[in-house]
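Asker: What follows is each chain in one-letter form.
Protein chains: 2
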Amino acid sequence: MLYNLLKVFKTDKEHKIYRKKIENILGFKPVNYAYYEMAFLHSSASSSQKKNINGHNERLEFLGDSVLDLIVADIVYQQFPDKKEGELTRTRAIIVNRSQLNQIAETLGLDKLIIGNFVRNVLPEDVKGNALEALVGAIYLDKGFQFCQNYIQKNILNKHLNFQELLTENRDYKSELFMWAQRNKKSIRFETVGDKGSATKKRYIINILINGKVSGTGEGVSKKKAEHMASKNACHKLNINRQI
Amino acid sequence: MLYNLLKVFKTDKEHKIYRKKIENILGFKPVNYAYYEMAFLHSSASSSQKKNINGHNERLEFLGDSVLDLIVADIVYQQFPDKKEGELTRTRAIIVNRSQLNQIAETLGLDKLIIGNFVRNVLPEDVKGNALEALVGAIYLDKGFQFCQNYIQKNILNKHLNFQELLTENRDYKSELFMWAQRNKKSIRFETVGDKGSATKKRYIINILINGKVSGTGEGVSKKKAEHMASKNACHKLNINRQI
Numbered sequence: 007m008l009y010n011l012l013k014v015f016k017t018d019k020e021h022k023i024y025r026k027k028i029e030n031i032l033g034f035k036p037v038n039y040a041y042y043e044m045a046f047l048h049s050s051a052s053s054s055q056k057k058n059i060n061g062h063n064e065r066l067e068f069l070g071d072s073v074l075d076l077i078v079a080d081i082v083y084q085q086f087p088d089k090k091e092g093e094l095t096r097t098r099a100i101i102v103n104r105s106q107l108n109q110i111a112e113t114l115g116l117d118k119l120i121i122g123n124f125v126r127n128v129l130p131e132d133v134k135g136n137a138l139e140a141l142v143g144a145i146y147l148d149k150g151f152q153f154c155q156n157y158i159q160k161n162i163l164n165k166h167l168n169f170q171e172l173l174t175e176n177r178d179y180k181s182e183l184f185m186w187a188q189r190n191k192k193s194i195r196f197e198t199v200g201d202k203g204s205a206t207k208k209r210y211i212i213n214i215l216i217n218g219k220v221s222g223t224g225e226g227v228s229k230k231k232a233e234h235m236a237s238k239n240a241c242h243k244l245n246i247n248r249q250i
Numbered sequence: 007m008l009y010n011l012l013k014v015f016k017t018d019k020e021h022k023i024y025r026k027k028i029e030n031i032l033g034f035k036p037v038n039y040a041y042y043e044m045a046f047l048h049s050s051a052s053s054s055q056k057k058n059i060n061g062h063n064e065r066l067e068f069l070g071d072s073v074l075d076l077i078v079a080d081i082v083y084q085q086f087p088d089k090k091e092g093e094l095t096r097t098r099a100i101i102v103n104r105s106q107l108n109q110i111a112e113t114l115g116l117d118k119l120i121i122g123n124f125v126r127n128v129l130p131e132d133v134k135g136n137a138l139e140a141l142v143g144a145i146y147l148d149k150g151f152q153f154c155q156n157y158i159q160k161n162i163l164n165k166h167l168n169f170q171e172l173l174t175e176n177r178d179y180k181s182e183l184f185m186w187a188q189r190n191k192k193s194i195r196f197e198t199v200g201d202k203g204s205a206t207k208k209r210y211i212i213n214i215l216i217n218g219k220v221s222g223t224g225e226g227v228s229k230k231k232a233e234h235m236a237s238k239n240a241c242h243k244l245n246i247n248r249q250i
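Line by line, the protein sequences are chains W and E.
Read in order, the letters of the first sequence are residues 7 to 250 in my numbering.
Read in order, the letters of the second sequence are residues 7 to 250 in my numbering.
What the hints contain is simulated information worked out from the structure, not anything from laboratory work.
These numbers were taken from a predicted model, which means no experiment stands behind them.
Some clues are possibly wrong.
Any copy will do: because identical chains look the same in the list, a pair fits if it lies in one copy or spans two.
[Unchecked claim] Straight-line alpha carbon distances no greater than 35 Å define the calculated DSBU-like cross-link-like pairs of lysine-lysine that follow: (1) LYS90 <-> LYS19; (2) LYS192 <-> LYS238; (3) LYS208 <-> LYS165; (4) LYS243 <-> LYS207; (5) LYS134 <-> LYS231; (6) LYS165 <-> LYS90.
Produce the entire structure from the sequences given, and follow the hints as far as they go.
Answerer: Right under this line is the structure:
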């Protein structure tokens, strides 16, 4: 059930310009433009005055989500031959997280293609990432898995993601430190040494003690964040590499 | 990191017989047998006396799970053009549920290929379904997505699943009835009319009243199950078709 977006545009010329914009962003000529037009059609469009609009991108988003999951599963499977199943799942989740997708969608300029009715014309962040997922679904339907996989890997993931940085940023230093401590029979203890700021803008300062010795200090808006920072410092100081 | 299963077999002949069994179940000759051998290697094998075994099927299971998710996402997307995103997700979950996979794995005879160390040599049910997922991962790596998709669809899903029956069995009659009632401005109420059996083997009997009139009765080991049965009866009686 493909929807012909012509109804949204007042003239054929307007419609052609829109299709040209899609081509420019994609860098290839679609076989069936309708898939892509559907990918950028937010559900709010059909619930607005444009009653003649039928369908929206949520079904394509469902499909694209699965395509993207497999593409990234394949990457992490190949790139991390020593990671176990649970770690592969976690690594994939870090790569395809919501804010990441929203960010990529904006960098690609997808937000300029999305058709919908938004309060004060401001697109909610997730609408962008969802459109990216729907676009992946559109490419899959239009050009098949093989093309889609190559395209997404080359033009989206490799270009817009720094895998190494992503994985470093998302390291769970506290857990890593505890695993290291257990393996090396060390004791770990956190100690709140103080806080600063007003009641509403409090920041905590926490020390991490390994075998009773201060091995790192962290500061953060919550105790959890301060402990994370303290753990990160300790990991770097003690040269503890990724354990999980 | 592919593992050569030769270590498991005492002789080359034994190994050849094992590969022949794989071929017979698959119905095609693999390019790289090592993927398939890994798919049937349960983690318990390497933790047993066979210390020389390296690796197991869990990583392949991670990959195969994503492949299967996409194959089934594609099917439900194409087969149910009117279903919304949430319904597609639910429908897929019904199709690829755990006990379903375990059952298919057994029907295919995968349980006879699995290598591992199990208490009293009895394979836990999930080990079978996991091996099926790992097998899907192996086919994907060995022959690519296109082949894998065709193969799984034709030889596994179409042959071993009755989609229509599955979806009927898994209907959420109670929710459907409430949606129907809301749409048609009817009131719904459940009434426990009794129970039977001993304290440990109790069975509940529940009536469903629509606008005060008994419209169905259900019996079950829990109130929830009895309500489900009562709702099912009412749906059939009132000819209420699938709402979700």
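Asker: Look at each hint and say if it fits the structure.
Answerer: To see whether the hints hold, each was checked on the structure:
no.	hint	in the structure
1	LYS90 <-> LYS19	between (53 Å within a copy, 32 Å between copies)
2	LYS192 <-> LYS238	within (17 Å within a copy, 59 Å between copies)
3	LYS208 <-> LYS165	neither (39 Å within a copy, 62 Å between copies)
4	LYS243 <-> LYS207	within (29 Å within a copy, 61 Å between copies)
5	LYS134 <-> LYS231	within (28 Å within a copy, 42 Å between copies)
6	LYS165 <-> LYS90	both (27 Å within a copy, 32 Å between copies)
In the structure shown, a violation is registered for the earlier hint numbered 3 alone.
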